[in-house]
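Colleague: Here are the chains, one letter per residue:
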Amino acid sequence: MDLTFSPPLHKQRHQFVVDFVKRNKPKKVVDLGCGECTLLKMLKFHHEIELLVGVDVNGAKVKKRMHGLAPISTDYLEPSYDQLCVELYQGSVTQKDARFKGFDLVTSIELIEHLTPADVELFSEVVFGYMTPKMVIISTPNSEFNIFMPGVSCYRHSDHKFEWTRAEFRSWAMKVCLDYGYEVEFTGVGKAPQGQQEAVGFCTQIGVFYQLWGRDCCKTLLVNDAEDLFPYTLLYRVNYPSLCDNNILRRVLVSEVLYGAEKLKNRWMEEQADGICDAVALGPVHHAGEIVAVPLDVLWSCCPKVSVLSGSLGNLKHLLMDEPNIKLSQDSSAVLINHWEQGIAPNSRDEPVLSNKKAQQDSLIKKLKLINLITKIVINLYL
Amino acid sequence: APPPEAGDLGGRGRQKGAPGPFSAEALLQISAGFQQVKLGERGGRRRDFHDAGVNTRQAMEHVKESKCGVTGNPIQLTANFFRILSRPQWVLYQYHVDFKPQMESRRLRSALLFQHEETLGSARSFDGALLFLPNRLHSKETVVYSETRNGEKVQITITLTNELPPSSPVCIQFYNIIFRRILRILNMQQIGRNYYSPSDPLNIPQHKLTIWPGYTTNILQYESCIMMCTDVSHKVLRSETVLDFMVNLRQQCGSQRFTEICEKELVGLIILTKYNNKTYRIDGIAWDHTPSNTFKRGDADTSFKNYYKSQYGLDITDENQVLLISYVKRMGPAGAPPPGPAMLIPELCYLTGLTDKMRADFSIMKDLSTHTRLTPEQREGRLNRFITNIQRNADAQAELDKWGLSFDKQLLNLAGRVLPVERIYQGSRSYDYNPWAADWTKEMRGLAVMSAPPLNNWLLFHTRRNGNEASSLLQTLSRVSGPLGIAMGKPVMIQYEDHQESLLAALRHSVGPQIEMVVVVLPNNRKDKYDSVKKFLCVDCPTPSQCVVARTLSRPQALMTIATKIALQMACKMGGELWSVEIPLKQLMIVGIDCYHDTAAGKRSIGALVASLNQSMSRWFSKCFLLFNGCLPSRIIVYRDGVGDGQLHSVVNYEVQQIMDSIKSMGQDYNPKLSVVVVKKRISSRFFAHINGKVSNPPPGTIVDAEVTRPEWYDFYIVSQAVRSGSVSPTHYNVVYDTSGLKPDHMQRLTYKLCHMYYNWQGIIRVPAPCQYAHKLAFLVGQSIHKEPNMKLDDQLFYL
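Line by line, the protein sequences are chains R and Y. Numbering of the first sequence is given in full-length UniProt numbering, commencing with residue 1 and proceeding in unit increments. Numbering of the second sequence is given in full-length UniProt numbering, commencing with residue 1 and proceeding in unit increments.
The hints are simulated quantities; they were obtained by calculation from the structure and are not laboratory data. Any given hint could turn out to be false.
Said to hold, decoys possible - With a straight-line Cα cutoff of 25 Å, these simulated SDA-like cross-link-like pairs (lysine to any residue) come out:
| hint | chain 1 | residue 1 | chain 2 | residue 2 |
| --- | --- | --- | --- | --- |
| 1 | Y | Lys-366 | R | Asn-325 |
| 2 | Y | Lys-278 | R | Ala-70 |
| 3 | Y | Lys-402 | R | Gly-68 |
| 4 | Y | Lys-309 | Y | Gln-321 |
| 5 | R | Lys-22 | Y | Asn-277 |
| 6 | R | Lys-263 | Y | Leu-269 |
| 7 | R | Lys-63 | Y | Ser-146 |
| 8 | Y | Lys-100 | R | Val-152 |
| 9 | R | Lys-63 | Y | Arg-193 |
| 10 | R | Lys-63 | Y | Ser-125 |
| 11 | R | Lys-22 | Y | Asp-301 |
| 12 | Y | Lys-309 | R | Cys-85 |
| 13 | Y | Lys-278 | R | Gly-68 |
| 14 | Y | Lys-527 | R | Asn-266 |
| 15 | R | Lys-305 | Y | Val-236 |
| 16 | R | Lys-64 | Y | Asn-218 |
| 17 | Y | Lys-305 | R | Asp-19 |
| 18 | R | Lys-161 | Y | Thr-148 |
| 19 | R | Lys-61 | Y | Lys-153 |
| 20 | R | Lys-64 | Y | Arg-193 |
| 21 | R | Lys-265 | Y | Arg-526 |
| 22 | R | Lys-41 | Y | Val-328 |
| 23 | R | Lys-64 | Y | Ala-123 |
| 24 | R | Lys-263 | Y | Val-247 |
| 25 | R | Lys-305 | Y | Asp-367 |
| 26 | Y | Lys-153 | R | Asn-58 |
| 27 | R | Lys-64 | Y | Ile-182 |
Generate the whole structure from the sequences, applying the supplied hints.
Modeller: Okay, structure coming up:
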């Protein structure tokens, strides 16, 4: 009897984890035996995750594909509020590494069957006793299912040290739960042919473990090591750009402010060029010579992105205050931007050296105020 | 598709009997046989952007020995090339890998093969059939066994088929692949063909632009050795999604014209997506699709919205947005039907690059250039830093060492020549220009041009608001035209309403066959009015015309300069000749060809051809061959511009033949000497001069015809123009066909002389004047007229 799974079983296993992540929204996830990082690549799109870690004993395998976990071009273009840090390590799951404590979810997909029984013991202790994550997903082949797999005489893969029946898996899992304070649910992917699911079970059996009590009252705390060890080697680490990073937030905000100001200025200039000297259309942008002032309150109400990023007008002012790329008017109520006539390049040689910047700016502000006043009068006349 | 038979390598390479040392001749043969072999990074076939394998030089007897010129003063230069050094006796071993039983999946084949790392070593490259190793395996044929996950035993036979010398085309492709890996190790992102580093972006917030610094690199066999040519490149990206762009556009232009304008703006642009690292070209817009449309995924139908949510956790907020269409070139799996077009969600896509509209925007370009324009010193510094970074990065070095390769630490030093200054003749007067400025605006002042037809019957259109500008233009024109030797009568001033229709009506009413020139003062630089003026006066009612935007006339202090330029331009448009340089060849006709690719209007391409009409190369005929100087030219030199990377092959094989056929059709015993020169402006080669201890641009007239040229071509570089800021970029000339027997020196000098003959600029330009004229014509037709201009205008430079 030949069985092919659609989608392929390895994809189904990963999809199981992805669906689990969607439901349970863990913030810190580690994949043990991440291999070529396929699962990690799927998980990086799930915004709930803030720390995504992979570890594999074969460092070369990880290195080969790890660049696929780098942020892509567009992550830099428009950073979101999501935070994500990806770390990849070379190391063995039988060793304790202090950096792996306190995760929300640990996944170990088709890993334990590659360990010797002695190592499985160590694995249990490291994962459940030392790392003490809130949730653990462990998948392993179900040897009862092998009757449907032609050509499989002993184990499905030559490197497998064992393949468990459902009962064997269950007894191991129950012991782990007892020892370390977890509860477990059994499920799997890859259904047996019709009518035989009861008798045989899933092709891949999966145990989902939940920590019973809060981390603090775990008995394992008592066994805690005196010193923290870091036996794993960090291979790769990348922080995704995020708006939670204040520098990035500022950068994006400054960009949006300047863009919004430029747009408002252009609209006004165009209206003026077209001879629509309608005062209402003239709007709130004021100009004097080569400098245009765009009031922050107008900017805040006209550009949704600016208002979202800054939260409040006061905060906007505050954020822009000592930004080197932004020139504010003296009372910090408006952004000042340059304006040059199109087609005529400002010739630096012809321009006088601005020796007395302060005085110039003051006179500029006065001019702006005057224009503001006149505008208001004109508007009133029209009304 | 069935996998190729054991003996037949599916056209990928020639199997050799016994590998071993080869004679030089045999090597050449092998290399020639591999011309068609393409190595893709992922095994896919790619276009050859380097035009390798087009060997034109061998057909030209007179340049077989040497293609170098002699005239000029030597100058010591550096170029943006780094030599690639490999161990002596370095060869790349090519193996053919056979699986028994045969394995369909390429991934599986790689996995099976790489189970034998201890045999193969860590440096290896395998594309599914061919394996490349830097070392020779123990025996000629190695048999190993692997096991699949299902326990199936597979026999793998690895047979040595070739030993490739470093200069073989396969090796060179190979170097490029390895180098791309290194750039990836340096955390650079690939966009298109180049690599950029997103970690230190330059922002131009007022236009929502982000610039990523990066590098173009390519490794090729140059004249004497293999080198990497690398240049600083900047990628312009926009930090707004296509959806943002569309919403903005709709606000600007209203719903009625939205579809039309939107397609015009977007089609042809390259986009990036939020979920993968691929680039797509927008080929169309599916106005009837929204994210709730479904597509087949496996067996089930999935909506785009659900797909992106479940696959990438991306929410689509705008349910009503239309989708973008991109025809993906990538082939599907062998045997399967090619995949349909990719449908993309505007909200998840970002625009890259600049639109034509943005290019035309002065303020955007100015802000851009402050970031991207590098002085020669900055550029040289960045290139050196790039190489140092590679050399300092341990992982990158390990990768190179694995293959036994390394790079030179310094930019290539080479010698060039600087051609002497050309004398400019204007009637009986002549003068030299300042060699560093390459401009004779000053020298020309107060000198009469060679010839200019008198202007008696002409019209000046303006709006009521621009009446002042029009009259001041008129005053200044009459002041400057006298000294220039242009006889200018009084025009009829015509006022028009500021609408496209009323302008057109005014033109229709007043322009007749007796009118020699129409000048229109436009109130702003919107394209529609300009287009309708040009369309009417180039097609319907052939009359030379000159448009001026009112704003350029508004600064009184610049008016004299502007009026002078306008007067000269008007004179050219009516068939006047401004200046000339000495061209010793007799009965010579120069032809320039360029193309304009109209990406918006259904991917139309417009070709333009401009040919010289007289001895002094001061009169030009546009569009097709004809005779003016009484007898047929005995020499024709065609300068062909607008040849993209990888298109050289078709120029050499088809266009040259077509040109020869059309010449033959002139008469049986008409057998002129023909040269075809492919002109390329967009190249990544750069040269730096070191003058008084400072890195600077090479002076105008610098010629480079050694080392960084290609051995299989008759090619040279000329730096003809001078730039005030930034680094100058040389122009590459590739003589693909030449029966003229002209010495390389003469060819180079003639080309340089022709760069002096563009009448719209009182200085030296980047390309020979006919190319620039052809470019102008193609641009005007492609951008504004969209139709063939009237034949009556053919012998005038009406398009300047």
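Colleague: Next, verify each hint and record whether it holds.
Modeller: Going down the list of hints, with the structure as the test:
For the hint pairing Y/Lys-366 with R/Asn-325, the CA-to-CA distance comes to about 17 Å; that is within 25 Å, so the pair holds. This hinted pair checks out: Y/Lys-278 and R/Ala-70 have alpha carbons roughly 14 Å apart, not beyond 25 Å. A C-alpha spacing of about 22 Å is found between Y/Lys-402 and R/Gly-68, which places the hinted pair at or below 25 Å, so the restraint holds. With a C-alpha separation of about 16 Å, the suggested pairing of Y/Lys-309 with Y/Gln-321 holds against the 25 Å cut-off.
As the CA atoms of R/Lys-22 and Y/Asn-277 are separated by approximately 24 Å, the hinted pair is consistent with the 25 Å bound. A threshold of 25 Å between alpha carbons decides the hint, and for R/Lys-263 with Y/Leu-269 the separation of about 23 Å falls inside it, so the pair holds. For the hint linking R/Lys-63 to Y/Ser-146, the alpha-carbon distance of about 23 Å falls within 25 Å, and the restraint holds. As the CA atoms of Y/Lys-100 and R/Val-152 are separated by approximately 20 Å, the hinted pair is consistent with the 25 Å bound.
With a C-alpha separation of about 24 Å, the suggested pairing of R/Lys-63 with Y/Arg-193 holds against the 25 Å cut-off. Distance hint between R/Lys-63 and Y/Ser-125 is fulfilled; the C-alpha atoms sit about 16 Å from each other, no more than 25 Å. Distance check on the hinted pair: R/Lys-22 and Y/Asp-301 sit about 22 Å apart at the alpha-carbon level, within 25 Å; holds. Between Y/Lys-309 and R/Cys-85 the CA atoms are separated by roughly 21 Å; this keeps the pair inside 25 Å, and the hint holds.
Proximity of Y/Lys-278 to R/Gly-68 is assessed by CA-CA distance (about 12 Å); at most 25 Å being required, the pair is judged to hold. Between Y/Lys-527 and R/Asn-266 the CA atoms are separated by roughly 17 Å; this keeps the pair inside 25 Å, and the hint holds. With a C-alpha separation of about 22 Å, the suggested pair R/Lys-305 and Y/Val-236 falls inside the 25 Å cut-off, and the hint holds. Under the criterion of a C-alpha separation no larger than 25 Å, the hint pairing R/Lys-64 with Y/Asn-218 is consistent with the structure, at around 24 Å.
Distance check on the hinted pair: Y/Lys-305 and R/Asp-19 sit about 17 Å apart at the alpha-carbon level, within 25 Å; holds. Distance check on the hinted pair: R/Lys-161 and Y/Thr-148 sit about 17 Å apart at the alpha-carbon level, within 25 Å; holds. Between the alpha carbons of R/Lys-61 and Y/Lys-153 the distance comes to roughly 23 Å, so the proposed pair stays at or under 25 Å and holds. In summary, the hint linking R/Lys-64 to Y/Arg-193 is supported, as the alpha carbons are separated by about 22 Å, within the 25 Å threshold.
Between R/Lys-265 and Y/Arg-526 the alpha-carbon distance is near 18 Å, which keeps this suggested pair within the 25 Å criterion. For the hint linking R/Lys-41 to Y/Val-328, the alpha-carbon distance of about 23 Å falls within 25 Å, and the restraint holds. Using a Cα cut-off of 25 Å, the hinted pair R/Lys-64 and Y/Ala-123 holds, with the two alpha carbons roughly 13 Å apart. Taking the CA atoms of R/Lys-263 and Y/Val-247, the gap is about 14 Å. The hint holds against a cut of 25 Å.
Taking the CA atoms of R/Lys-305 and Y/Asp-367, the gap is near 23 Å; set against the 25 Å cutoff, the hint holds. Proximity of Y/Lys-153 to R/Asn-58 is assessed by CA-CA distance (about 24 Å); at most 25 Å being required, the pair is judged to hold. At roughly 13 Å between alpha-carbon atoms, R/Lys-64 and Y/Ile-182 fall within 25 Å of each other, so this suggested pair holds.
The structure agrees with every numbered hint stated previously.
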